[in-house]
Structure formats: structure tokens, C-alpha cells
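Read top to bottom, the protein sequences are chains A and B.
For the first sequence, the working numbering begins at 211 and goes up steadily by one.
For the second sequence, the working numbering begins at 116 and goes up steadily by one.
The hints are simulated quantities; they were obtained by calculation from the structure and are not laboratory data.
Since we're looking at a predicted model, the values are computed, not measured.
All C-beta atoms, glycine included, are put in the ideal place defined by N, C-alpha and C.
Take these hints with a grain of salt, some might be off.
[As the list claims (entries may be wrong)] One side of the interface only, derived from the structure: several residues of chain A facing chain B at Cβ under 8 Å:
hint	residue
1	P310
2	A317
3	S329
[Said to hold, decoys possible] Incomplete in silico selection of chain B near chain A, CB under 8 Å:
hint	residue
4	R174
5	L177
6	A210
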Amino acid sequence: MIAMANNEASRLVLRKDVAELKRLAGWIEGFTRKRTSPDVSFAVQLCLEEAVANIIMYGGARDDPLEIAVELERNGGNLVARIEDNGRQFDPTRALPPVPARSLEEAKVGDVGIHLMRSFASGMDYERRDGRNRLTLRFLEPAVPPAE
Amino acid sequence: MDISVDDLAGGITKVALRGRFDTTGAVVVELPFNKIATEKQKIMVDLSAVNFLASYGIRVLLVGAKIVKNNGGNLVILCPDNNVAKVLKTAGMDALIPIHQSEAAATAALAS
Chain A
211 MIAMANNEAS RLVLRKDVAE LKRLAGWIEG FTRKRTSPDV SFAVQLCLEE
261 AVANIIMYGG ARDDPLEIAV ELERNGGNLV ARIEDNGRQF DPTRALPPVP
311 ARSLEEAKVG DVGIHLMRSF ASGMDYERRD GRNRLTLRFL EPAVPPAE
Chain B
116 MDISVDDLAG GITKVALRGR FDTTGAVVVE LPFNKIATEK QKIMVDLSAV
166 NFLASYGIRV LLVGAKIVKN NGGNLVILCP DNNVAKVLKT AGMDALIPIH
216 QSEAAATAAL AS
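Sequences are here, hints too, so could you generate the full structure?
In C-alpha cells form, the structure reads like this:
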């Protein structure tokens, strides 16, 4: 049986600038490298890249002082990511799934980011509170056989 | 992110991408990639050295594949079975662009 007290958290605040995505990626990699499996690290990086890129690109008017706070918390075998921003209201959990294209000619460009988040995270919750979007993503480590 | 281009036998152009194909990386390779897609007819996009893929990268691949198709050519992807391949499949790209796990299979698909 493995029972480790292994609760750790980290927080990063980002500006409304696409260049911030590089800083986000480095920060997530640093947090997940020794705390999660490579697959969970990949999933966290993917989901947060999609979520934060959406906020940066569509979350506010050009001159809005948009602030995006990202928090990662390792809780036992799970990892929880919280993204909070003061941009315009947007609930990705209510976005419709993309319609599969029948051919390359018909395929629409875009619209896959939220679908990727839904697929790679184990759970996704949204709430709008105090004028802020709060998105919580959960990632479960795949079950591993118990150690000797 | 790096992009390199290699001319193979049979008029095949191999475009090898390396690094993180995220928003930051995709912005770097988008223009050179579109230029190759406009100029070449048989393109193999090698993602073997790509260790991360996000939706902006998928957008670049899809736009490139559409350009090649419009010009009467073919574009295939070479990608081992890893998380990058999982992203491609989850996004439905495997139904639109042929994905091969070996260079031999990708070459054969372009030759036919």
C-alpha cells in the first residue's frame, strides 16, 4: 500500500500576451516533472495551454487589464489545475462538441481546443463568481499496481 | 521549434518538425510550412521529434493539408504511437490526413 502525504501547490499569474504561453509551459513542466507521470504531465500541459490561449485570445478587449491566475495542486495521486481570469464570461464546459468532418475539403479549421481539454482531463468544472471565470481541471494518475 | 526539409526519391518532400508544436512553436513554423505546402505535391510531415502538440499545431497541419489537396497533391503524417498521435486522433485528424508510424509506410502511401 502506498500512502504518502504529498500535497504541494504552486501559483502563476499571467498577462494577456501570447508570449506568456511559453512561460506557462516551462512552469507546468517544472511542477509536473517529478510529481506526475509523463502522460499526466502531457495532459496538464495540453489542457492549460488550450484554456489559457483561449483566454488570452478571446477573453477581453484589446486594452483590458486582463489577469490570468493558474494554480496547480498535487493531492495524493491527483492533480488539480485551477484557472481564474477577469475576462468576459466564458464557460468551456457548455461548448458544443465539434462535428466530425467527412472530408479534408469540408473540415473546419479550429474548434478542437475545448474538445482536447475534455478528452485529456479527467474532469472539468466551471463557475462564474465575483466577475471572474473559474475553471477547475482534474487529472487522475492511471492506476498502478501496489508496491511490494 | 525547428523545421527542416529534405527531398526524397520519387518527388517526395519530407518536412521534419522538432520540438514543441504548441502555440509558440506553431507561430514559428506556420509561414515556412504553408510555403512548402503551396510549392510541393507529395509531402511527408515527420512528427517523430515533436514532443508536444496543441490545437494551434493541428491548425497548421490542417491548413497545410488543405492547400496540398487543393493543388491536387497529397500530404501524409509520420508519427509514432505516442501522446502526439493521441492528440491527432482525438482531434479527428486521422480521418482527414493519413497517419503512418513508419517512414516506409508513409513513403508507400505517397508513391501510390
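Exercise for the section: Provide an ascending list of the numbers of those earlier hints which the structure does not satisfy. Expected result: Violated: none.
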